[in-house]
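Trainee: Throw the hints in and build the complete structure from the sequences for me.
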Amino acid sequence: MNARHLTHPAPLIGQAAFTRMVMAGIDLAPIGQQLLKRAEEHPSDANTMMDLSSVMLLMGKRTLSLQIQRLAIEIQQLYTLSTHEKPTLRLLALMSPGDMMANTPLEFLLERSDIQLDLLFLKEGLPASEQVPDHDVLFVGIGESDANLPLLHQLEEQLRDWPRPVLNLPRSISHLSRDGVYALLHDAPGVVIPQTLRVERATLEALNIQRQSPEAWLDGGYPLIVRPVDSHAGQGLDKLDGPADVGVYLTNATQHEFFISRFVDYRNADGQFRKYRIALIAGKPYLAHLAISSHWMIHYLNAGMSESAEKRAEEEFAMVHFDREFACRHQTALTAIHERMGLDYLGIDCAETDDGKLLIFEVDTSMVVHSMDPVDIFPYKQPQMHKVFAAFRSLLLDAAKRPV
6 MNARHLTHPA PLIGQAAFTR MVMAGIDLAP IGQQLLKRAE EHPSDANTMM
56 DLSSVMLLMG KRTLSLQIQR LAIEIQQLYT LSTHEKPTLR LLALMSPGDM
106 MANTPLEFLL ERSDIQLDLL FLKEGLPASE QVPDHDVLFV GIGESDANLP
156 LLHQLEEQLR DWPRPVLNLP RSISHLSRDG VYALLHDAPG VVIPQTLRVE
206 RATLEALNIQ RQSPEAWLDG GYPLIVRPVD SHAGQGLDKL DGPADVGVYL
256 TNATQHEFFI SRFVDYRNAD GQFRKYRIAL IAGKPYLAHL AISSHWMIHY
306 LNAGMSESAE KRAEEEFAMV HFDREFACRH QTALTAIHER MGLDYLGIDC
356 AETDDGKLLI FEVDTSMVVH SMDPVDIFPY KQPQMHKVFA AFRSLLLDAA
406 KRPV
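Under the numbering used here, the first residue of the sequence shown is numbered 6, with each subsequent residue one higher.
Keep in mind that the hints are not guaranteed to be accurate.
[Stated by the list, open to error] With a cut-off of at most 25 Å between alpha-carbon atoms, the simulated SDA-like pairs for lysine to any residue come out as follows: (1) K91 / D403; (2) K316 / E262; (3) K362 / L202; (4) K392 / G288; (5) K289 / K91; (6) K289 / A188; (7) K128 / K91; (8) K289 / Y305; (9) K66 / A396; (10) K244 / K91; (11) K244 / D354; (12) K91 / H391; (13) K392 / A318; (14) K289 / H304; (15) K66 / K91; (16) K392 / A314; (17) K244 / M302; (18) K289 / L202; (19) K392 / E315; (20) K289 / S179; (21) K362 / P384; (22) K289 / K128; (23) K392 / H300; (24) K66 / E45; (25) K66 / A34; (26) K66 / L242; (27) K244 / Y187; (28) K316 / R345; (29) K316 / G361; (30) K406 / R165.
[As the list claims (entries may be wrong)] Now the in silico label distances, taken between C-beta atoms and shown as ranges: (31) V409 / P35: 32 to 38 Å; (32) A405 / S299: 42 to 48 Å; (33) Q240 / D381: 28 to 34 Å; (34) E162 / D360: 43 to 49 Å; (35) A332 / P408: 26 to 32 Å; (36) A405 / Q215: 40 to 46 Å; (37) E210 / Q136: 46 to 52 Å; (38) H89 / Q200: 27 to 33 Å; (39) P384 / W301: 28 to 34 Å.
Worth flagging that the hints you see were computed from the coordinates, not collected in a lab.
All C-beta atoms, glycine included, are put in the ideal place defined by N, C-alpha and C.
Mentor: Have a look at this one:
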């Protein structure tokens, strides 16, 4: 038999496992070399190709990662992650090609779970029914983006009479653009969300040469927040204090469409900015993290949480008392978000305003929620994240019992 064709392909390791290695300080380069060697020896081993794609992405080689991923999906569309010999439930997730922000990162929510996760990567709608694996619950993991909208619209019809319970309906996901979220939440009780507009590059150029002022379109003037359409994790995000900043921004930004909104100064009395990441599961909120920083653009990994015992103590307090404090203060707002977004699972990046309202930065299904922070530095996060994962597991089990 030709050694280049596998009888038993390697099991899928998965993005979550490789991300955990990175968080633990493990160099992925040697692992990448091993996967590359195996892929060259066994070019039909799609699992190895998909794992190699994940490693390349985590090593910062996004373009190469996506090229390898496309090759893997051409070989096979279905990938299985199972850490349990007798899984309690089989979850089929519909996925789109792309990086970690393209889909709901279900691997992180189900890490070391008794749930079998089957990832079905779609190219043009669902394949023939005989190619769809049997499952107990279907989860639409495809994230909102311009590229994914045609697929989401197609799935609306295909999933209308699906024979199994479906979580996160594609119609609701398609409303998660930044201007779409504003349209749904701008008048929600207890919520503050700046007006968000999608504009072409020419609009920003008009601001740059002062032919227009932001007040012509927005509910406020400078400073503005700007970011490219379909960007995440702060990529291309900036604060523009005046027309001169617009020119500098456009010099560095090559994209043709952007979202703009007025900047809300959400720093607290101590001069620190606080950003909460909330997982809303079946309408119930859970705190995934609280990042505290002296800079308005907060990402947990650069907020200095590992270096500050004081910040960690505040995050621990927020987690322990979340149900009695934050969730109670913003119960009206969080209920409205759940009802208006119509999603079984979503993430919210938000802050609190001085007058006690919930300031919304982003609502999405593609935010990473994980338990990978070092246990010796963040011991309090493990019980909190186990609570989140248990809630997500319950969501799946409850859905499986629903009549279709």
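Trainee: Could you run down the list of hints and mark each one as holding or not?
Mentor: Hints and how they fare:
no., hint, in the structure
1, K91 / D403, "19 Å, holds"
2, K316 / E262, "37 Å, violated"
3, K362 / L202, "22 Å, holds"
4, K392 / G288, "15 Å, holds"
5, K289 / K91, "29 Å, violated"
6, K289 / A188, "22 Å, holds"
7, K128 / K91, "30 Å, violated"
8, K289 / Y305, "23 Å, holds"
9, K66 / A396, "34 Å, violated"
10, K244 / K91, "51 Å, violated"
11, K244 / D354, "18 Å, holds"
12, K91 / H391, "21 Å, holds"
13, K392 / A318, "19 Å, holds"
14, K289 / H304, "24 Å, holds"
15, K66 / K91, "36 Å, violated"
16, K392 / A314, "23 Å, holds"
17, K244 / M302, "9 Å, holds"
18, K289 / L202, "29 Å, violated"
19, K392 / E315, "24 Å, holds"
20, K289 / S179, "22 Å, holds"
21, K362 / P384, "30 Å, violated"
22, K289 / K128, "33 Å, violated"
23, K392 / H300, "30 Å, violated"
24, K66 / E45, "19 Å, holds"
25, K66 / A34, "12 Å, holds"
26, K66 / L242, "21 Å, holds"
27, K244 / Y187, "19 Å, holds"
28, K316 / R345, "33 Å, violated"
29, K316 / G361, "21 Å, holds"
30, K406 / R165, "18 Å, holds"
31, V409 / P35: 32 to 38 Å, "47 Å, violated"
32, A405 / S299: 42 to 48 Å, "46 Å, holds"
33, Q240 / D381: 28 to 34 Å, "31 Å, holds"
34, E162 / D360: 43 to 49 Å, "44 Å, holds"
35, A332 / P408: 26 to 32 Å, "30 Å, holds"
36, A405 / Q215: 40 to 46 Å, "59 Å, violated"
37, E210 / Q136: 46 to 52 Å, "48 Å, holds"
38, H89 / Q200: 27 to 33 Å, "47 Å, violated"
39, P384 / W301: 28 to 34 Å, "29 Å, holds"
Checked against the numbered hints listed earlier, the structure breaks hints 2, 5, 7, 9, 10, 15, 18, 21, 22, 23, 28, 31, 36 and 38; every other hint is satisfied.
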